[in-house]
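Residue strings, one per chain:
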Amino acid sequence: MTLLDFLNHLLGRQKPSGILARERLQLVLAHDRSAINPELLDQMRRDILEVVQRYVEIDLEGCDVSLETDHRMTALLANLPIKGSRPQPPASGSSAAAGDDADARRGPDGSAALSSGPEAMAAAPL
Amino acid sequence: MTSALSRTILICSGKGGVGKTTLTANLGVALARLGHRVTVLDADFGLRNLDLLLGLENRVIYNAQDLLADTCRLEQALVKHKQVPNLSLLPAGNSRMLEWITPEDMQRISTLLAERSDYVLIDAPAGVEKGFRNAAAAATEAIVVTNPEVSAVRDADRVIGLLGSLEITPTQLVLNRVRPRMMANQEMLTVDEVTDLLALPLLGLVVEDEQVIVSTNRGEPLTLRDNPCPAARAYHNVARRLSGEDVPLIDPTREPHGLGAKLLNKIRTSTGLS
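The listed protein sequences correspond, in order, to chains B and C. Numbering-wise (the working numbering), the first sequence opens with residue 1 and increments by one. Numbering-wise (the working numbering), the second sequence opens with residue 127 and increments by one.
No wet-lab data here; the hints were simulated from the structure. Predicted model, so just to flag it, every value in this text is computed and none were measured. Think of the CB as a built atom: it goes at the ideal place given N, C-alpha and C, for glycine as much as any other residue. Just to be clear, a hint being listed does not mean it is correct.
Stated by the list, open to error - Listed next, with one range per pair, are the computed distances between beta-carbon atoms:
(1) B:G84 <-> C:D372: 55 to 61 Å
(2) B:A35 <-> C:S221: 29 to 35 Å
(3) B:E68 <-> C:R234: 41 to 47 Å
What the hints assert, rightly or not - A few chain C residues that don't get close to chain B, going by computed Cβ distances all over 12 Å:
(4) Y188
(5) R280
(6) T316
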């Protein structure tokens, strides 16, 4: 650790590298395990936002769709802040472009949770 | 003891250079010294080194290739360790073997070895390709070796996924080259972080120890003697846990590592007192 590193560390400007290593690994392992490449995740992110936007108005700036992993279980986490609801829900039958993510799934199918409130958080095991 | 009670354990890591072969050599010696009959199989046909770490390189005459080709008997192919007669090595064949050896060949070899051993330890090659799959074909359980370092952990994760799909169980973890001081300063992945990320039970922790290099230079695994250095103790503990003994894991960041402790250890190492 150089003096500059140490000072930054003291001032809370820089995370210890061990913490950084863990965070980077959590992300990369989630990707490795789910076999979802970054392009596919981008495509999925766009599709999810498109579908959700048909029902509610969301804050696009604050949206975060990412993979997380815990104990060899990978989950897709979507944090989509809701600004308000659309005056009219869309007619049933219209469908979004479906991503070809079916073959990339791993692990058991599980629950998906959706909580109400200012922020909706959905977790789906992959 | 019959072959049904024999355990065939794959020692693998994905990444090279994390300490697979060193663990295989030290664990082989330590298990043999506990009274078990042990055979270590070098399945790294491209880059064999297990003979070198065990100090047996000048006594290799036949190898796995000769055994498969029936040009020698099993007893001729095995190199018995002089100081630890319970321990034998089946050396790897040459790298051309990689072209034709099959998982069935590896199973045939390990069945032969299991008939005369309580433990068969298979030193896997680095990587997740054919060589690894061949080595894994013969195993019923596995030890994954990794270091608290991003690339080693990522590669270990790939291997753990493959072991899962091959239904090799149990799979346990040995965390090698631990630097307690860096862990305490949060400048290295901690033991808990690695075990959480990989979600494997921890079989052992080996701290970074210069004595490992000294012992490989000599071709004398640290476990050959009751060496008081930290790595030697760690390898002995792995062997004892593997054979069912309840040996508690010690948090390396709480071990004394100051100047005084270092000096004491130096004295212990040089005098051979524990």
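Problem set entry | C-beta pair B:G84, C:D372: status relative to the range 55 to 61 Å that was hinted | For C:D372 against B:G84, whose Cβ atoms are near 60 Å apart, the range 55 to 61 Å holds.
Problem set entry | Minimum Cβ-Cβ distance from C:R280 to chain B exceeds 12 Å | violated (6 Å)
Problem set entry | Outcome for the supplied range 29 to 35 Å, where the beta carbon pair is B:A35 and C:S221 | holds (31 Å)
Exercise. Is the nearest CB of chain B more than 12 Å from the CB of C:Y188?
Worked result: It holds; C:Y188 is separated from chain B by about 40 Å at its closest Cβ, greater than 12 Å.
For this session: Could you check the hint for me, namely that B:E68 and C:R234 are 41 to 47 Å apart, CB to CB?
Result: Holds, since B:E68 and C:R234 (Cβ atoms, about 44 Å apart) stay within the stated range.
Exercise. Can we confirm that no CB of chain B comes within 12 Å of the CB of C:T316?
Worked result: violated (7 Å)
Hint violations for this structure: numbers 5 and 6, all remaining hints satisfied.
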